[in-house]
Structure formats: structure tokens, C-alpha cells
Amino acid sequence: QKEVEQNSGPLSVPEGAIASLNCTYSDRGSQSFFWYRQYSGKSPELIMFIYSNGDKEDGRFTAQLNKASQYVSLLIRDSQPSDSATYLCAVNTVSGSARQLTFGSGTQLTVLP
Amino acid sequence: EAQVTQNPRYLITVTGKKLTVTCSQNMNHEYMSWYRQDPGLGLRQIYYSMNVEVTDKGDVPEGYKVSRKEKRNFPLILESPSPNQTSLYFCASSNTGGRDEKLFFGSGTQLSVL
Numbered sequence: 011q012k013e014v015e016q017n018s019g020p021l022s023v024p025e026g027a028i029a030s031l032n033c034t035y036s037d038r039g040s041q042s043f044f045w046y047r048q049y050s051g052k053s054p055e056l057i058m059f060i061y062s063n064g065d066k067e068d069g070r071f072t073a074q075l076n077k078a079s080q081y082v083s084l085l086i087r088d089s090q091p092s093d094s095a096t097y098l099c100a101v102n103t104v105s106g107s108a109r110q111l112t113f114g115s116g117t118q119l120t121v122l123p
Numbered sequence: 884e885a886q887v888t889q890n891p892r893y894l895i896t897v898t899g900k901k902l903t904v905t906c907s908q909n910m911n912h913e914y915m916s917w918y919r920q921d922p923g924l925g926l927r928q929i930y931y932s933m934n935v936e937v938t939d940k941g942d943v944p945e946g947y948k949v950s951r952k953e954k955r956n957f958p959l960i961l962e963s964p965s966p967n968q969t970s971l972y973f974c975a976s977s978n979t980g981g982r983d984e985k986l987f988f989g990s991g992t993q994l995s996v997l
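Quick note, the sequences are listed as chains A and B, same order.
Each residue of the first sequence is one higher than the one before, counting from 11 in the numbering used here.
Each residue of the second sequence is one higher than the one before, counting from 884 in the numbering used here.
Chain A extracted, bound-state conformation (with noise of 0.2 Å):
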């Protein structure tokens, strides 16, 4: 069983604070690796995503990934209350034709004004 794991928080922040989001995946064969945001009640939207070693940024998040310590984290920088959500880790290993998309449980996220 493919496992992700993920702090389940919650997790508070003031507001204009970096927020760190970590992950940590059982399989290393895993290729890609994403982080969705869902906020209550909705479904999860994609924030990033990475499948190579090191640091991508994408405004104020960065996703940041280590295959060999099998890691992954996503960092928010100046949060802001309309970040407070639940942020979902995702690990995809692609064999052959088979294909699976492993979530962790999400780490709930809330910015303090």
C-alpha cells in the first residue's frame, strides 16, 4: 500500500507569515507530485505541481521536493486569510498502463488576520 502522509493539523499562521506544508510518500518509484487547496466544502483545485529535485515557485507558493528523503512541502509566503484551507499532498506513480493518484489526509491551513 502507497502511502502519503501528511500533518493533519491544524495549522495557524498570522497573517503576512510563510505557512510550511509538508509530506513526506512511501514509494519511491513516485514521478509527480502535486498539492491541491480545498476549501470547506468544495472540491480540491490544483495550487502545484513538481516531479524534479528542488525549489518551483509560482507567486507566493513554492513547492520544494526531495526524492531521495522522499519529501515534498509547500511553502505560502505572505499568507493571507483567503489562503485558511485544507491543502492536499498528492503523489502519482505512472507503471506501464497502471496509473495511481495517492492523496494524503490534507493539513488544515488557517491564516489569522
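Hints are computed from structural coordinates only; laboratory data are not their basis.
Any given hint could turn out to be false.
[As the list claims (entries may be wrong)] Stretches of chain A that chain B covers, calculated by requiring three or more beta carbons in the stretch to come under 8 Å of a beta carbon on chain B: (1) 51-61; (2) 110-120.
[Claimed, not checked] Computed list of lysine to any residue pairs in SDA-like fashion (alpha-carbon distance at most 20 Å, straight line): (3) B:K940 x A:S40; (4) B:K948 x A:S40; (5) A:K52 x B:K948; (6) B:K900 x B:V937; (7) B:K954 x B:E984; (8) A:K52 x B:L924.
[Claimed, not checked] Partial list, computed: chain B residues near chain A (C-beta under 10 Å): (9) V887; (10) Y914; (11) Q920; (12) L924; (13) Q928; (14) Y947; (15) E984; (16) L986; (17) F987; (18) F988; (19) G991.
Just so it is clear, CB atoms sit at the ideal spot from N, CA and C, and this is done for glycine as well.
Model the placement of chain B on the given structure of chain A, informed by the hints.
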């Protein structure tokens, strides 16, 4: 507008009464999938389909059936629902191939089995 449409949005039923949750996408995606979301457990994959007439089990397929007779539709069937299938269900679709695949999610179906 590109979208994944799920129906119904809310469903209350009784144990053993067969039901179908419909899912349709208008983006010509080959890949479609069903997930259930329960508190503390995140999204768990039920079934997925790589193309028409091709379906595979996900992590929690027991008690569910799917079919993919047309590219755009991927219904989820509960032949004999039980209370442990009370959950929030999401359908999703994406393009096949490549590693940077964004999943497009439907708006969800909240199912209660009494």
C-alpha cells in the same frame, strides 16, 4: 466552459437500495476517476478508467461498480449501499500521459445511507 459535472449534489438513501451517481466531462479527457473523502482519511481512490471500456480498481473498490461505455461519462454504481458508504464522493478527469497532470474535479456528491 470546461467542467466535470456530477449529479446529484446530495443524496439520502436507505440500505440496499441501488443508486447511481453520474459523472460527465466535456474536455475529451481519457482518464476519469472516482474518490471518496472521509474526515481524517483524505481522498481515497475507488476506481479509475484510462479509456473507454478500460477500468481498474483503486484503493477502496469494495461495494462499488463503474462503467465506461462512452468517453465523457463515468457513472459510479452502488448495487447495495450500506451505511459505511456514507461519504463525500468526487469524480475527476484529466488527460492521459505525461507527468504534470492536473485533475479536474466535479463539485462532489454528499451521500448518506441510512
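Do the hints match the structure? See the list:
no.	hint	verdict
1	51-61	holds (count 7)
2	110-120	holds (count 7)
3	B:K940 x A:S40	holds, 19 Å
4	B:K948 x A:S40	violated, 27 Å
5	A:K52 x B:K948	violated, 25 Å
6	B:K900 x B:V937	violated, 27 Å
7	B:K954 x B:E984	holds, 18 Å
8	A:K52 x B:L924	holds, 17 Å
9	V887	holds, 9 Å
10	Y914	holds, 7 Å
11	Q920	holds, 9 Å
12	L924	holds, 6 Å
13	Q928	holds, 7 Å
14	Y947	violated, 16 Å
15	E984	holds, 7 Å
16	L986	holds, 7 Å
17	F987	holds, 9 Å
18	F988	holds, 4 Å
19	G991	holds, 6 Å
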